[in-house]
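Chains as they are written, first to last, in numbering that gives the first Met the number 0: chain L, 0 to 215; chain V, 0 to 204.
Treat the hints with care, since some could be wrong.
[Said to hold, decoys possible] Just a few of them, taken from the derived set where beta-carbon distance is under 8 Å, the chain L residues facing chain V:
#, residue
1, 94
2, 163
3, 166
4, 207
[Unchecked claim] In the BS3-like style, the derived pairs of lysine-lysine whose C-alpha atoms are separated by at most 25 Å in a straight line are:
#, chain 1, residue 1, chain 2, residue 2
5, L, 105, V, 64
6, V, 60, L, 97
7, L, 174, L, 45
8, V, 64, V, 171
9, L, 12, L, 45
10, L, 70, L, 12
11, L, 105, V, 169
12, V, 9, V, 105
13, V, 171, V, 65
14, L, 97, V, 171
15, L, 97, V, 64
16, L, 105, V, 65
17, L, 132, L, 15
18, L, 210, L, 12
19, L, 210, L, 15
20, V, 171, V, 60
21, V, 171, V, 9
22, L, 12, L, 132
23, L, 43, L, 132
24, V, 32, L, 210
25, V, 60, L, 105
26, V, 60, V, 9
27, V, 180, V, 9
28, L, 15, L, 105
29, L, 43, L, 97
30, L, 105, L, 45
31, V, 35, V, 180
32, L, 210, V, 171
33, L, 210, V, 180
34, L, 43, L, 105
Calculated from the structure, these hints are not laboratory results.
Using N, Cα and C, we set each Cβ at its ideal position, and we do this for glycine too.
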Amino acid sequence: MSNQEKEPILSAKNLKLLTEPLGRNNPITVQVLGICSALAVTVKLKPALVMALSVMIVTGFSNLVIASLRKFIPDRIRIIVQLVVIATMVILVDQFLKAYVFDVSKQLSVFVGLIITNCIIMGRLEAFAMANKPWPSFLDGIGNGAGYGLILVIVSFFRELLGSGTIFGYPVLEKLGIYSTGYENNGMTILPPMALIIVGLIIWVHRSRDKNLVEK
Amino acid sequence: MENLLNIFIKSIFVENMVFAFFLGMCSFLAVSKSVKTAMGLGIAVIFVMVITVPVNFILEKYLLKKGALIWLGEGFADVDLSFLTFMIFIAFIAAMTQLVEMIIEKFSPALYNSLGIFLPLIAVNCAILGASLFMQEREYENVLEATVFGLGSGIGWLLAIVGIAAIREKLKYSNVPDPLKGLGITFILTGLMAIAFMGFMGISL
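Working from the sequences, and respecting the hints, build out all of it.
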């Protein structure tokens, strides 16, 4: 990433903005934001990855725009202004996906549009971009998008591996000869309920490792 | 009539917003600590959905679709504004939410206080935009169908949030492993409820 090359701009404080959301302050497992779309697109790795990148781009750039405009936005109508900025970004992403990766765009169906209402974006705009300078806000957006993407990739990895026996469409289990030992694909993991349960388990693991996060 | 009933039943049980599509999870998880608040938010969601889905249907039909502007004259037959869909839908939803917020504040200040931040957040409740986008994707034929779909989805959402809130109220007295407390167990419970709802799959009239 080009961020790492420009060392002076990336002070320790800014780096923290980028890495905190990956673990201690993860948007999904800790802040409980943006779960809506996180689960529906995780049946296969590829759409999950595309979704993660799209969200990262939208959070990053809408944070940047709102942070640059923060002194000119009247407080009372800020939600509408934020929504318009987010919607513009999402329209750009949507048109881009339709043009270059049409099959993935079809798989994601309404969930690209639903990035608009992804609470991570609104949450970060409200909590961070409205009060900080553009550059840290941009990093904060990218960091949170990445934290969201991380969970998406983990969940979809397990769902695709256990549900269809593939990774990125490559039949791993078949090549390893697992099926000949009597193993069968677990169709349950492809169905919606398992996504919730897998996220629940991820939260369990995450919180057992970091006791500070345990709810009283 | 049968068709409408079918859409209604389907949108409540089979294609439940929460359990089949995970829409509206943010407020679903955050406001489901007590049945009373959950009920209030659920009703607000139904209200907003019943209004936004049909109106967005009309907007889609007479403004956004390719050739939708033909009522303005022949010259507009080729205009395709469908790329503006998200923008128009979300703008209308945000305006509607503002209205609901003002109504609740006036008539039920207690509910208004307990819903807190989640009332304005209905605007970014994925279930609501999701309902409008599904309405567009499934190409319902007339306004009546769209209204019934909106009502059904809203009721389905209410059912889900009240159900989980009731379970969470009981859960206070049970002995859950520490790291799983709160969020973790709620996720797993929702998963189990979703499995139960899968029993409705395939129902049609």
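Of all the hints given earlier, name the ones this structure violates by number, lowest first. Numbers 2, 3, 8, 9, 11, 12, 13, 14, 20, 21, 23, 27, 28 - these are the hints that the structure violates, sorted from lowest upward.
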